[in-house]
Amino acid sequence: MVPTNYYVILSAILFGLGVFAFIFKRNIIAIFMSIELMLNAVNLAFVAFSQALSKLDGQVFVLFVIVVAAAEAAVGLGIIILIARNRETLNVERVDLLKL
Amino acid sequence: MFFVLAALAVIGAVSLILQKHPIHSALSLIVVMVALAGLYLLMGAEFVAAVQIIVYGGAIMVLFVFVIMLLNAGAEERTSLSKMAGPPGLLLVAALAAFVAATIAKSGASVQAAAQTGALSSTRGISEMVFKDFVYPFELTSFLILVAILGATVLAQREKS
Amino acid sequence: MHFLFATRDELFIAIAKIAVLLFIVLTVNAYLTWFERKVVAHIQSRWGPYRVGPHGLFQPLADGVKFFFKEDPTPSGVDRFVYYLAPLLALGLALTSIAIIPFGPEPLRLFGHDIYLGIAPPNLNIGILALFAITALGVYGVALAGWASNSKYPLLGGLRSSAQMVSYELTLTMSVVGVLLMAGSFNLRDIINAQAPLAGHPDRGMIAWNIWPQILGFFCFFTAAVAETNRVPFDLPEAEQELVAGFNTEYASFKFAMFFIAEYTSMITVSCLCTIMFFGGWLSPFPASWTLTHYLPSVILIPFGLWVILDGFRYETTLGRLVLPAVGTVITALGLVFIVFPQVNAFIQPPFWFISKVLLFLFVYVWMRGTLPRFRYDQLMAFGWKLLLPVSIMNVAITSFVILAKMQWGAK
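Chains as they are written, first to last, in the working numbering: chain A, 1 to 100; chain B, 1001 to 1161; chain C, 2001 to 2412.
There could be a bad hint or two in this list.
Here chain B is said to cover these stretches of chain C; the calculated rule only asks that three of the stretch's residues, wherever they fall, bring their Cβ under 8 angstroms from a Cβ of chain B [stated by the list, open to error]:
(1) 2079-2088
(2) 2121-2131
(3) 2137-2149
(4) 2154-2168
Sample of chain B residues lacking proximity to chain C, with all beta carbon distances greater than 10 angstroms (derived) [what the hints assert, rightly or not]:
(5) Val1010
(6) Leu1070
(7) Ala1156
Calculated from the structure, these hints are not laboratory results. Note that the structure is predicted; figures quoted are calculated from it, not measured. No residue lacks a Cβ here, since even glycine has one placed at the ideal position from N, Cα and C.
Let's have the full structure, built from the sequences with the hints guiding it.
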C-alpha cells in the first residue's frame, strides 16, 4: 500500500502547480482552470486522509467540494462570457480599468 | 500504479501551464481529473471516483470547452508582465511545496495508510452520512446550485435593447 | 487494489477476453449496419443490399474496404492534435463501455480458472455509475470534433449535438434511479438478480421483471438513450438534410468510420443496459418450471438453419449457392449441439436470452429509424428538459414512496 504521505505530497505539488498557473497565465479561462486544478488537489488530500483514518467524512466533503466547484464554474463562466462580450478580449491584462 | 497515475496528473498539470491555446489546457485538465479519479479508485473510494468523472469531467469541463468554443478563444499572447511573473512565481511555488513536504516529512510516518476501506461499502456509507449527519449542508448545496443556475442564466443573457 | 490483477494468469485471461469481445463487437457492428439497411429498406418497400454477396451479406466487408482505401484529407487550419483525438476518443470510450456489461451469470471453468462472461469483475460495485461516467466523457468526442474541423457547419453541429447529449444525460441517469432503488446496488449482476426469484419462491418468469413497476422509467430511459446516441428521431445534428453532416462533415474515410462505429457501439451498449435493467437481463421470460422452454434456442436455430440452406439451394448466384448452405449448416449444427449436450444447453441459456433481447432492442432502434420523422432542435431540447426530466424525477418519487409504503406494510 502506498503511504498517505505520497498522496499528500502529490496534492501539494498539484496545488503548487495550480497556484503557478494562476500567476503565470494571461487567459481568463486558463486562470479559471487553474482554480479547478487547485480544488482537485485539495480533493485528493481529503480522500487520502479519509482512507488513512478509515472514516468516510473526507469523501462526503469531497462531494460537497465538487458540487460547489460546479456552481462556481457556472457563475464564473457566465461572468467570463460577459467580460468577453464587453471588452472583446480574454487577456486579463487588458481588463485592468473600470472604465471601458 | 500510483506512480503512473501520479506522473500522469503532474504531466497534465504542467501541460496546463505550458500550452498556449486554452482548449489544450482544458484537455490537459481533463487528463488530470481522470488521473485523479484513477487515484481515488486505487484508494478504494469508488463512488467519489465515479462522481469525479461524471460531474467534474463530464459536466464542468464540458462547460469550459463550450465556453472556449463559443468565445472562439485564440492562442494566448506572452506579454512582458507575464514573463516577469514567471521566475518569482516558480520560486514561490517551489517554496510552498517544499514547506508542505517538510511538514509532512517531519510528522514522520505517523499517518500511514490504514487497511483498505473495503469494509465500509463506500456508496452506502457515504449516502448514510450525507442524509443523516450532513443533511443540512446537502439541502444548502442544492439551494446553492439553484442560485448558481439562475445567476448564470441571467448573466449570459443578451441585453434586451 | 482489488481492481488490478493479482496473478499473471488473470492478466492473460483478461487480455484474451478483451480480444474476443472486441472482435465480436466489431463484427456485430458491421452486421448491424447490414441489418439496418435491410430493415429500413423493407419498411420502404425495397430490398436493400442484395448484390454484394448473397442477400447483401458481404456489404459490410465492401464498406470496410471502402473506408480503408478512400482518401483521408485533413482540412487546412485545423488543430491537428484535437482533430485526430476526437474520433479516437469517441471510439475508445464507446468500446470501453462494452467492458462493463455482463453477459451471463455462470463462469466458464477452463484450465482451473473461473472465466466470467464479461470483462469487468463480478464484484464491480459501481457498475452502472462507471457506464454513466463513460457516457459523460463521450460528449467530448462530439464537441471536440465539431470544434476541430475549422468550419462553421461542423462547429454548429458539434455544439448542438453535445448540448443535446448533455441535456439527455440527466434524464438517462434519473430514470435509472428507480431501478437502483429496487435493486439496492449499482452492480449490474445484482440488478439482474433482483429481478430473479428469491430462493424458495416460485419463479414467475416475465412478471418479476423491472419493466412492469418501472414502465415510466423504461420509456424515459429508452427515449433518453436514443437521444444520447444521436439516433432518429433525435439525429438533427448529424442528419444529411440538415447541417451538411453535422460534426463529422470534415471527417472522411477512416475517421468517419470511427465515429460511425462509435455510434453503433453505443447503440449496442444502451440496448444491453435496457435489457439488464428493465427486461431481466439474462433471465428467461418463462418460469423455470416450464422445462420445455429450455429447448427454445434449438427450436429457433434448427428451422432457421434449414430455411437458410433451402434458400441457398435456390439462390441465383453461384456464390450464394455455396455460402448460404454453409451458413445454414453451421446454424443447424449449433442448434443440434444444444439438444445433444444438456450441459452446454444449460450454460448457453442465459447468454441466449440476453442476446435475443438485445437484438430485439436493436430492431426497435432500426424500426424507429425507418418510421419516425425528426425532431426540430428546439422541440428536442424542450422535450428533454420540460417533459422527460420532470417525468423521470416523478418516477423516482413514486418509486421511493411505494418502497417506503411496502416497508411500512411489511413491518406491521
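Here is how each hint holds up against the structure:
{"no.": "1", "hint": "2079-2088", "verdict": "holds (count 4)"}
{"no.": "2", "hint": "2121-2131", "verdict": "holds (count 4)"}
{"no.": "3", "hint": "2137-2149", "verdict": "holds (count 7)"}
{"no.": "4", "hint": "2154-2168", "verdict": "holds (count 6)"}
{"no.": "5", "hint": "Val1010", "verdict": "holds, 20 angstroms"}
{"no.": "6", "hint": "Leu1070", "verdict": "violated, 8 angstroms"}
{"no.": "7", "hint": "Ala1156", "verdict": "holds, 14 angstroms"}
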